[in-house]
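Novice: Listed below are the residues making up each chain.
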Amino acid sequence: MQKLDRFSGLFWVILSLVIAIHSHRLGVGSVGDPGPGFIFFYGALFIGLMAMLLLVGSLTKKEDETGAGIFENVHWVKVLLPFAYILLYALALEKAGFMISTFLLIFLLLKTIEAKRWFVATFVGIAASLGTYAMFELWLHVRLPRGILGF
Amino acid sequence: MDTLLCLLHGFSVSLQPQNLFYCFLGVLMGTLVGVLPGVGPTATIALLLPATLKLNPVSAIIMLSGICYGAMYGGSTTSILLNIPGEASSVVTCLDGYQMARQGRGGPALGMAAFGSFIAGTFSIIGLVVLAPTLADFALKFGPPEYFTLMIMGLTVVTYLARKSMAKALIMTAAGIIVGCIGLDPITSATRFTFGENTLYDGLGLAPVIMGLFGISEVLENVGVFVKKEIFEGKIKGLLPNKNDWKTCALPITRGTLLGFFLGILPGVGTVVPQFLTYTLEKRLSRHPTKFGTGMIEGVASPEAANNAAVGGTFIPLLSLGIPSNAMTAMLLGALMIFGLSPGPLLISSSPDLFWGVIASMYIGNVMLLVLNLPLIPVWVRVLKIPYSYLSAMIILFCLIGAYSLNNNITDVIVLWFFGLVGFFAKKFEYEPAPFVLAFVLGPMIETALRRSLIMSDGSFWIFFQRPISAVFLSVAILALAVPLFIKKRIGAGLASDE
Chain A
1 MQKLDRFSGL FWVILSLVIA IHSHRLGVGS VGDPGPGFIF FYGALFIGLM AMLLLVGSLT
61 KKEDETGAGI FENVHWVKVL LPFAYILLYA LALEKAGFMI STFLLIFLLL KTIEAKRWFV
121 ATFVGIAASL GTYAMFELWL HVRLPRGILG F
Chain B
1001 MDTLLCLLHG FSVSLQPQNL FYCFLGVLMG TLVGVLPGVG PTATIALLLP ATLKLNPVSA
1061 IIMLSGICYG AMYGGSTTSI LLNIPGEASS VVTCLDGYQM ARQGRGGPAL GMAAFGSFIA
1121 GTFSIIGLVV LAPTLADFAL KFGPPEYFTL MIMGLTVVTY LARKSMAKAL IMTAAGIIVG
1181 CIGLDPITSA TRFTFGENTL YDGLGLAPVI MGLFGISEVL ENVGVFVKKE IFEGKIKGLL
1241 PNKNDWKTCA LPITRGTLLG FFLGILPGVG TVVPQFLTYT LEKRLSRHPT KFGTGMIEGV
1301 ASPEAANNAA VGGTFIPLLS LGIPSNAMTA MLLGALMIFG LSPGPLLISS SPDLFWGVIA
1361 SMYIGNVMLL VLNLPLIPVW VRVLKIPYSY LSAMIILFCL IGAYSLNNNI TDVIVLWFFG
1421 LVGFFAKKFE YEPAPFVLAF VLGPMIETAL RRSLIMSDGS FWIFFQRPIS AVFLSVAILA
1481 LAVPLFIKKR IGAGLASDE
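Listed in order, the protein sequences are those of chains A and B.
The working numbering puts the first residue of the first sequence at 1, with every later residue one more than the last.
The working numbering puts the first residue of the second sequence at 1001, with every later residue one more than the last.
These aren't lab readings, by the way, just hints derived from the structure by calculation.
Bear in mind that the values here come from a model prediction, so they are computed numbers and not experimental data.
There may be inaccurate statements among the hints.
As the list claims (entries may be wrong) - With the Cβ distance kept under 8 angstroms, some of the chain B side facing chain A (calculated, not the full set):
#, residue
1, 1192
2, 1225
3, 1420
4, 1430
Positions of the beta carbon are idealized from the N, C-alpha and C atoms, including for glycine.
Work the whole structure out from these sequences, hints included.
Specialist: Below, the structure is given as structure tokens:
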């Protein structure tokens, strides 16, 4: 865990510097008259301080094995590909429309998460897009995007 | 007498057919999400919030509240039958519940969990009826300094109770405050960290953030790990505990109820900590402490009573002060605000239908849960056998639709995706999301209270110490930060090592 703490500590130190610089530009103001950047600036300083403590702690403590396997017992394909599908879904939703985007999302998720057969993934994809369309658009009157094909 | 009349009015509201229906729907969905590992009541409330916008506020809050305590009932089912907690607040039930199931006593375990939950839930509702209006009256004395220090106290208690590193919990808390303040400055209307996106002028949406942190990240965490779940396949018989079981569990249920309720009231404690504390207490008080973990029915009854009692406790600061004490009630606070209601001491007087209707519906919901939960156990077992690939795909889809339908805006979906990533990696690096969420919700309120306090005091921080109530809150906050410097083992860290 020390290695991971060093990495995350450094990340937070850098992020806190970036936030502090930007919030300074917004205007920190004074204690009697806080500006728009007041809470961001001091929040960033606090994060930077905690991150430095974490960093120093990770450098001074004896290296231990706890948490070493955190990234080992992970099936990364099953995690990262769905994240990519979700982002693509977000970007394609309004252009391709709800039905097509949803079908593709479910199809790809089932093929990735448990390597379902093509027929099963296709059937469930169609059922899911039709079912959720009925539930949200027809029953709950949520407007779902139509896309270039009009549905 | 007034309280009784108000409660009767509450029952008249909650017994209306549509409210009964939504109460039933809420507890059923709550039980379902409690049963299913991977999505909890917080993400479910976030998911359903857009759909409830079409309802009237009372029905919506009744349904969303039903999800909260319904999940406590459902979580015990998977703990007992699967040895996997459906909810974080049912972790401890696994220890003895699953062992009881293996010994052929799964029925009494499930039965005692349900009855213990019902008794505790009933008591906590009575406590809510008595304490919430009293606390609301007391809170009328609160000004910006008291609110500021109360919220800071709540956040520091959450970080003190963090099961991993307190430094990491403090980082998440500060990050939550910063992220919560993104948008237009409330006083000068300057844009803050909106990156030129006018959709961010109102800040990041609570629902997409929570669905990302608790929904998407949890689901993909479960998907990405090589775990084979074993459902206890034996026949579940005899759901009613026997006389000896009742004799054994009477005092543990009482202790669990009291401890859970009073701990749940404290901002920051939530429903997870009480179950650990009551289990530890029962183990220490038992004549056979070494048998805990081998199938002791008290080890099921007490934590289940504690988590249900804590739910009622958490509603007290929410409804009387407008301060959420955990991520779940933070979500409910968001719901109240979306409906245009002003959570706080005046909620009881300005929206009596909502306040008393929700309280009465909590009792009705608990009765529904007791009556339905046990007969529906075979249904839940079948639900658990659905391959997780289908469930995870549908949960992800519902999260995406839920996020989009809030404002018909892709930005919310991208926020959901981003916080899903953040939540996943945060857990890998052992950063807990609960302090972040609480701080995210409280951040804008903290900023406003701080700035108003400093205006009142002409910039002097002494105002927080000069006002007695504020000084008490601030002292507790300082204690929570300072104690770990002197005492090696924090309660939170102790709970992590007890697992």
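Novice: Are the hints correct? Go through all of them and say.
Specialist: Going through the hints against the structure:
no. : hint : verdict
1   : 1192 : holds (6 angstroms)
2   : 1225 : holds (6 angstroms)
3   : 1420 : holds (7 angstroms)
4   : 1430 : holds (7 angstroms)
Of the hints listed earlier, there is not a single one the structure fails to meet.
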